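First to last, the protein sequences are chains A and B. Take 3 as the starting number for the first sequence in our numbering and just add one per residue. Take 92 as the starting number for the second sequence in our numbering and just add one per residue.
Calculated directly from the structure, the hints in this document are not laboratory data. Since we're looking at a predicted model, the values are computed, not measured. No residue lacks a Cβ here, since even glycine has one placed at the ideal position from N, Cα and C. Keep in mind that a hint or two might mislead.
What the hints assert, rightly or not - Straight-line distance between alpha carbons at most 30 Å, and here's what the computed DSSO-like set of lysine-lysine pairs gives: (1) 152(B) to 21(A); (2) 21(A) to 380(B); (3) 152(B) to 28(A); (4) 308(B) to 7(A); (5) 159(B) to 7(A).
What the hints assert, rightly or not - Estimated spans, in silico, between C-beta atoms of each pair: (6) 135(B) to 70(A): 48 to 54 Å; (7) 77(A) to 223(B): 25 to 31 Å; (8) 40(A) to 129(B): 39 to 45 Å; (9) 27(A) to 277(B): 29 to 35 Å; (10) 44(A) to 277(B): 47 to 53 Å.
As the list claims (entries may be wrong) - Some chain B residues flagged as far from chain A (calculated, every beta-carbon gap over 10 Å): (11) 137; (12) 211; (13) 459; (14) 489; (15) 492.
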Amino acid sequence: MDEQKIFQEMVNILRTYTKDVSLLDKATKETHILNDLKVNSARLVDVIIKCEDVFEITIEDDEADKIGTIGDAIALIQKKLN
Amino acid sequence: MKKRVVITGMGVAAPNGHGLRDYEEALRQGRSGIRFIPELKDLNFACQIGGIPQGFDSVRKSYFDHEKLLSINDNIGYASVSAVDAWTDAGFQVPDSEDDRVDWDTGVIVGSGIGGMDTIAKTVVPMVNEGKVRRMGSRIVEQVMNSGTSARVAGLLALGNQVTSNSSACSTGNEAVIDGMQRIRMGLAKRMLAGGSEGASPYIWSGFDSMRVICRKFNDDPEKASRPMSATACGFVPGSGGAILILEDLESARERGARIYAEVLGGALNCGGHRMGGSITAPNPEGVKRCIRMALADAGIEPGEIDAINGHLTATFADPMEVHNWSEALGRGPEHFPYIHSTKSLVGHCLGAAGAIECVAVALQLYKGFLHPSVNCEDIHPDIADFADRIPQTCVEYPGLRTIAKAGFGFGDVNSCIIFRKWEG
Numbered sequence: 003m004d005e006q007k008i009f010q011e012m013v014n015i016l017r018t019y020t021k022d023v024s025l026l027d028k029a030t031k032e033t034h035i036l037n038d039l040k041v042n043s044a045r046l047v048d049v050i051i052k053c054e055d056v057f058e059i060t061i062e063d064d065e066a067d068k069i070g071t072i073g074d075a076i077a078l079i080q081k082k083l084n
Numbered sequence: 092m093k094k095r096v097v098i099t100g101m102g103v104a105a106p107n108g109h110g111l112r113d114y115e116e117a118l119r120q121g122r123s124g125i126r127f128i129p130e131l132k133d134l135n136f137a138c139q140i141g142g143i144p145q146g147f148d149s150v151r152k153s154y155f156d157h158e159k160l161l162s163i164n165d166n167i168g169y170a171s172v173s174a175v176d177a178w179t180d181a182g183f184q185v186p187d188s189e190d191d192r193v194d195w196d197t198g199v200i201v202g203s204g205i206g207g208m209d210t211i212a213k214t215v216v217p218m219v220n221e222g223k224v225r226r227m228g229s230r231i232v233e234q235v236m237n238s239g240t241s242a243r244v245a246g247l248l249a250l251g252n253q254v255t256s257n258s259s260a261c262s263t264g265n266e267a268v269i270d271g272m273q274r275i276r277m278g279l280a281k282r283m284l285a286g287g288s289e290g291a292s293p294y295i296w297s298g299f300d301s302m303r304v305i306c307r308k309f310n311d312d313p314e315k316a317s318r319p320m321s322a323t324a325c326g327f328v329p330g331s332g333g334a335i336l337i338l339e340d341l342e343s344a345r346e347r348g349a350r351i352y353a354e355v356l357g358g359a360l361n362c363g364g365h366r367m368g369g370s371i372t373a374p375n376p377e378g379v380k381r382c383i384r385m386a387l388a389d390a391g392i393e394p395g396e397i398d399a400i401n402g403h404l405t406a407t408f409a410d411p412m413e414v415h416n417w418s419e420a421l422g423r424g425p426e427h428f429p430y431i432h433s434t435k436s437l438v439g440h441c442l443g444a445a446g447a448i449e450c451v452a453v454a455l456q457l458y459k460g461f462l463h464p465s466v467n468c469e470d471i472h473p474d475i476a477d478f479a480d481r482i483p484q485t486c487v488e489y490p491g492l493r494t495i496a497k498a499g500f501g502f503g504d505v506n507s508c509i510i511f512r513k514w515e516g
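Next comes chain B alone, as it looks inside the complex:
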């Protein structure tokens, strides 16, 4: 029989809040983390706004010693701080680096979408081009290797189970949670740190700017820019940050008397195969609906049990299609539709970190019994006008909230869907 998986700790570095208390407050208040970024203007970006965890340099410096900070870039910094926060939130102590004991029962799956681009752009490319390879020093590879985040986290916490970094574009964070859940279910680990991170870098965002898929009409009004499900949505707002969830075998959590935020009932991953309307940059609707149905089946629940959806919902042309895909997959029309909202309306699209940052929002909302507002959609897109009543525009106190479906869809036509349930003992 498969083991049950629960969430016993969380850490988050989001554009609108660092730490669970600050993040919950921001969610409840509908506080935006989107700001004007002067550097993007200087570099002639059409989109000159973004979501960046605020004041994070000083946060990072307060967590790690001078020696570790030498090789902690943006991306790894968000993951590392979130990992330490999640670990202590789950009731564990951060071990001393001189303590040789290894926790063989705990692993890490923490990835990113694009990763250590700032190090590549600011150090590797200029120095190689100038013929100065010899002077690059020892700290490049550990910051640009795809597994840089998970490797750093494992070292900080002395973790000895599987340690890896996944990458599936904007589905990365969700995928990490599902893969971590599977490993615990199979009895291969007691705990998995699962999540994602993404640096804040013009070099990461430039490709999206040149594709004209990010928001270029709200540079003067950043907090209004991320507009999922709105008739005036005009592209996503690039974001950054990190989040990590401690997934734990229920038996282990009970044995140590851990506080449980929520249960991960099930999840599914698939790809639309770039067919039936799908492509490397657009989802095949059949793939999306199959993924949602597979997640429900894996969780062993009926579509009617879903109380709310935390969508992918990035503020592009795809939002109305996503809402209709949910409706068809669940077999629930507008009159019986669950609540649906977008955390990206508050933090932008944090790419490889998005799923993880939003999963933390889901678990917090189940634990505390509320749904945060989906902001900037006063003018609901006409294609989903019938669903307007199901989109919370202010914070909803919802003590009976039991089940939330969380989805992520990424470039590559990849899909992920996770079913979370309130822990009721």
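Isolated chain A, as found in the complex:
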């Protein structure tokens, strides 16, 4: 799966947990999920579960802890898919 496709899927996943979805319109790989999108930190667990379902991968807790930006998530997912 190419990077742009993964990025789009990530934006779709985050739409559920982002109060102001307009923030996602200008999201980039550098967008920080908690600081920029204001996602409640507790919801990161739900984002990870959704990623596992959508990309059919397993993400370990210590790997999840390192995700800060959308780009971090994309890199991890690409690694898992390859």
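Mind docking chain B on chain A? Use the hints.
Showing chain B alone in chain A's frame:
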């Protein structure tokens, strides 16, 4: 000197009406909110009827954004919508979630009887049993914790005084009002959101069905099923919903020119100790009478000043006993008895929300000067036949209505009684 406490806002999500206007209309018309519930039939319940706020999914979706709705279950939804309605009814604005100001003078006491059972039954138990704990996600605890309702309300309105959820079975809503009143009296808060909520769930109602305490003879005629004080009463009808009252220090209400519905003159709470005929499921009559007398004393009024009673009156064998307890506690026989009626005849027994939903009915009736009919008791129970004239079967216009006593009695042999008075300035 203790501070006086008044009601300056109310919100209600009842089986027969959402919002004060709709609810008042339903009360005046004697409109029932009891319906046949197909799911209960499918699940082999003996009682296949219930009181559920109608069309509430769309109501909830119109109040909260997609992110909040993720963790608002039935129980929390009723409380949250009622809180927003009460807050705006009292003249306040719902703050933006990005606005960091906190209202340190306002708190919340909103509880439930059984609470987030739907989340436990539909998500927690199946997923744990299937070994899928890791996949339950982040939204379970905030929906099943006993303080889930008050916590959510505090966040919606940025409230910073005491925030807690009480639980005393069917006395929960009344208890919240009394505890909130006490906190304002003591000067510890200017305002308290007080009330209760309860989800509509077969998992909540199943235990009552298996106890055979809920109505199983009127599945074909739901609106006739809730029959407090009737000779043919055959158990309560399970209900759900929520209601919240804004209790406010009189000085604060006056300073901001708030509209006042009624004054909370006083109230009392106790327990019969499961003795003298009382048990975990039945009231000790002495406890009930003491509670009523304590409420009168706390309010500083004489028994003769009570114009009407909004009883606990659930449509079980206990109704005649309750009427006689009132009579003895007030020292007023049938010929001098106040009016007495049951809001549960219209909405069923909303468990932890019952007291709050019925307190809203009391305050509305004092404010507007009427008493709603107590329906389905054309055939008054023979043990209280002498009181028949005091039970309104149609709406009574009553401009002189000044004082209503509201009671709630719950499993655990717990009792609550509140004295409300019309606000006359």
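Against the structure, the hints:
{"no.": "1", "hint": "152(B) to 21(A)", "result": "14 Å, holds"}
{"no.": "2", "hint": "21(A) to 380(B)", "result": "52 Å, violated"}
{"no.": "3", "hint": "152(B) to 28(A)", "result": "27 Å, holds"}
{"no.": "4", "hint": "308(B) to 7(A)", "result": "59 Å, violated"}
{"no.": "5", "hint": "159(B) to 7(A)", "result": "28 Å, holds"}
{"no.": "6", "hint": "135(B) to 70(A): 48 to 54 Å", "result": "52 Å, holds"}
{"no.": "7", "hint": "77(A) to 223(B): 25 to 31 Å", "result": "28 Å, holds"}
{"no.": "8", "hint": "40(A) to 129(B): 39 to 45 Å", "result": "41 Å, holds"}
{"no.": "9", "hint": "27(A) to 277(B): 29 to 35 Å", "result": "51 Å, violated"}
{"no.": "10", "hint": "44(A) to 277(B): 47 to 53 Å", "result": "35 Å, violated"}
{"no.": "11", "hint": "137", "result": "39 Å, holds"}
{"no.": "12", "hint": "211", "result": "19 Å, holds"}
{"no.": "13", "hint": "459", "result": "39 Å, holds"}
{"no.": "14", "hint": "489", "result": "48 Å, holds"}
{"no.": "15", "hint": "492", "result": "46 Å, holds"}
When held up to the earlier numbered hints, the structure conflicts with 2, 4, 9 and 10 and fits the remainder.
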